[in-house]
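Undergrad: All chains, full assembly: derive it from the sequences and hints.
Each chain, letter by letter, is given below.
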Amino acid sequence: MSQSKLKTIKGVHPRYFAVTANLLLTGDVVYLSPTGRWVWDVTHAKQFKTETSAEEAVRECQSLYANQTVGIYLIALDEAGWPLSTKEQLRTKGPSNYHHNNRNGQQLVANRKR
Amino acid sequence: MYHYQDFDRDFVKDRVSEFRTITQRRIDGVLSEDEYKPFRLQNGLYLQLHAYMLQVAIPYGTLSSRQMHKLADIAERWDKGYGHFTTRQNIQFNWMKLADVGDVLEALSEVDMHAIQTSGNCIRNVTADHFAGCAPDEIEDPRMVAELLRQWSTAHPEFAFLPRKFKIAVSGAPNDRAVIAFHDIGIQIVQNRDGETGYRILIGGGLGRTPLIGQELSAFVPKADLLCYLEAVMHIYNRYGRRDNKYKARIKILVQENGLAQTKAQIDAYFAQIKKTHRPLSETLLRKIKDDFALPNLSKASAFDLEAQMALSPAFARWAGQSVHAHRDENHVSITISLKKQGATPGDASTAQMRVMAELAKAYAYDELRVSHEQNIILPHVPKEHLLAIYQALQEADLAAANIGLVSDIIACPGLDYCSLATARSITIAQQIATHFEGLKTEYDIGPMKIKISGCINACGHHHVGHIGILGLDRAGVENYQITIGGDGTQDAAIGERTGPGFSYEQIIGAIDRIIAHYLAKRTGKDESFLAYYKRVGITPFKEVLYHA
Ligand code: SF4
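Chains G and F, in that order, give the protein sequences. Numbering-wise (the numbering used here), the first sequence opens with residue 1 and increments by one. Numbering-wise (the numbering used here), the second sequence opens with residue 1 and increments by one.
Nothing false has been slipped in among the hints.
List time: in silico SDA-like cross-link candidates among lysine to any residue, alpha-carbon distance up to 20 Å:
1. K97/F / V70/G
2. K10/G / N480/F
3. K37/F / V70/G
4. K80/F / T26/G
5. K80/F / N97/G
6. K37/F / Y73/G
7. K10/G / G477/F
8. K10/G / G502/F
9. K37/F / Q68/G
10. K97/F / W40/G
11. K10/G / Q507/F
12. K10/G / R475/F
13. K97/F / G71/G
14. K10/G / A476/F
15. K37/F / T26/G
Note that these hints are calculated values from the structure, not bench results.
TA: Right under this line is the structure:
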């Protein structure tokens with residue numbers, strides 16, 4: 001298990017890390033994919049095994065994508081690649097008071113039961 | 001209501017075009033986010049969890065039907081079909097795209113609206129009693145002062161970079177419905193012994209991480225001196241307010257650290273100095289503002305018998321009992337339209353609902369609406385004879401919840417479902433509390449109750465002044481909710497007392513249920529409100545039921 005500088009979240013140590021941001025033009029929540037594109041679905045995000053490698057990716061993205069995205073940072077994922085914190089879960093799923101997950105109405109988490 | 005002049009229109013149009021130009025420079029990559037962000041915030045555009053959020057200013061919460069229609073159009077065309085009315089008497093749109101915002105601002109400008117002064121370290125949109133102009137206890141319409149302050153403070157170079165944001169609220173009546181004691185400056189319109197109208201000024205109130213009740217800076221400022229006096233206040237704040245620590249930068253901290261006496265001495269000295277050269281306000285301007293806020297030409301008496309109508313329909317009677325308020329004119333009433341249907345998101349209105357409210361205002365209520373800081377909509381002047389028709393139209397639009405002032409009429413900020421600063425959800429807690437007590441059918445039995453929920457320490461949900469306040473925090477990634485009891489945002493201002501350790505998301509509804517069940521069991525009778533009961537017994541019995549039962 002990777003040792004995280006991030007605090008344990010809900011008693012769980014982060015298993016993986018992903019890089020996230022909001023798109024400049026739309027504000028959409030996106031994740032860095034293994035092919036270096038930005039995707040909406042966190043389950044398609046590149047999973048970094050160590051926080052250090054994710055931090056490096058954040059730095060790289062900050063220089064590459066500063067004009068396409070806003071606020072690039074890393075998030076902690078659990079064993080199944082799902083965000084650990086409630087905030088990041090809500091960013092992925094959309095607000096809990098309405099059922100329009102993201103702005104395009106796409107079911108980002110169609111296969112998940114959480 | 002206030003009508004824009006060419007000057008206002010040109011100013012707003014210029015700001016729209018400036019927004020378009022600078023935003024395009026950001027999109028083209030000429031400006032970095034660090035360079036662009038302060039600018040977009042000055043135009044009310046925030047980046048939240050899922051999208052951009054545009055906070056639109058509604059000065060002192062007053063809207064015409066045309067403006068409400070435009071808000072509906074914006075919600076339909078550029079958002080997801082709804083808008084969220086806030087505790088700042090504004091509306092926010094939660095799903096904006098950056099490239100669309102110029103068009104949205106243009107659309108707003110067509111109806112004399114904008115999103116300026118809804119963010120940044122400036123004097124924010126001035127708020128006022130939502131029953132302004134119609135409340136029987138009112139001395140004078142507070143919106144006249146609010147409008148004067150709006151004109152004075154907008155784009156005022158000295159107030160563009162204050163140490164921190166600055167909020168002013170105005171009440172025209174002894175019964176405070178504008179929460180003036182919890183603003184940087186609270187203004188109460190009063191009369192002195194000679195019957196002269198002037199202003200009582202409170203300073204240093206606020207919520208957030210350091211909740212403080214405003215203190216009386218002056219018992220009576222004559223009308224002619226108001227702007228000069230406030231300029232002195234702002235000058236002293238600008239000069240001595242802390243800029244080294246944003247958590248200590250509000251004027252309340254200056255007053256707290258230096259003491260009221262010292263702050264007052266500084267303000268009075270500066271006031272005396274500038275008063276000599278202060279030009280009096282133009283009579284033409286004052287007359288225009290007065291004319292703009294004159295009562296509409298109220299219709300004459302009609303044959304409507306409210307009591308008889310209430311006797312005929314229990315549902316109408318329940319609604320009227322909560323939503324209809326006395327008006328200064330005996331043939332009229334004011335109506336609060338609840339945006340708090342049990343289970344719905346507090347403060348949200350769909351496009352269709354906004355249009356219904358706009359049409360009702362146009363058809364029956366002299367074309368005027370208000371947004372209350374309690375996140376409901378007011379029809380301020382309604383001839384009694386139209387009550388039934390309005391009620392029926394509201395029913396059809398799902399806007400006739402008869403819960404104003406009750407346990408489900410909850411203030412809730414957007415919280416972690418939308419807000420990037422949030423530490424916990426607040427909307428879903430409000431939804432659950434409302435449906436819980438609706439299920440128990442105890443709402444009317446519980447009686448007057450103000451529950452207020454904030455999703456973080458910034459306290460946009462005014463939790464400190466809730467009879468029951470709920471503050472959502474984050475404890476190692478887990479939502480945790482602290483409860484306060486006994487807060488009061490009225491003229492009897494009080495900050496709620498914390499009960500003790502917080503409760504988890506799963507536990508909080510049960511905790512609120514225990515508090516209310518205890519009150520119902522122990523009150524002397526229905527006449528003893530929750531707040532009165534708390535004042536009689538204190539916090540200890542509530543701690544017992546929360547932590548030792
Ligand atoms: S109180 Fe906190 S969570 Fe709620 S709207 Fe204000 S900043 Fe956001």
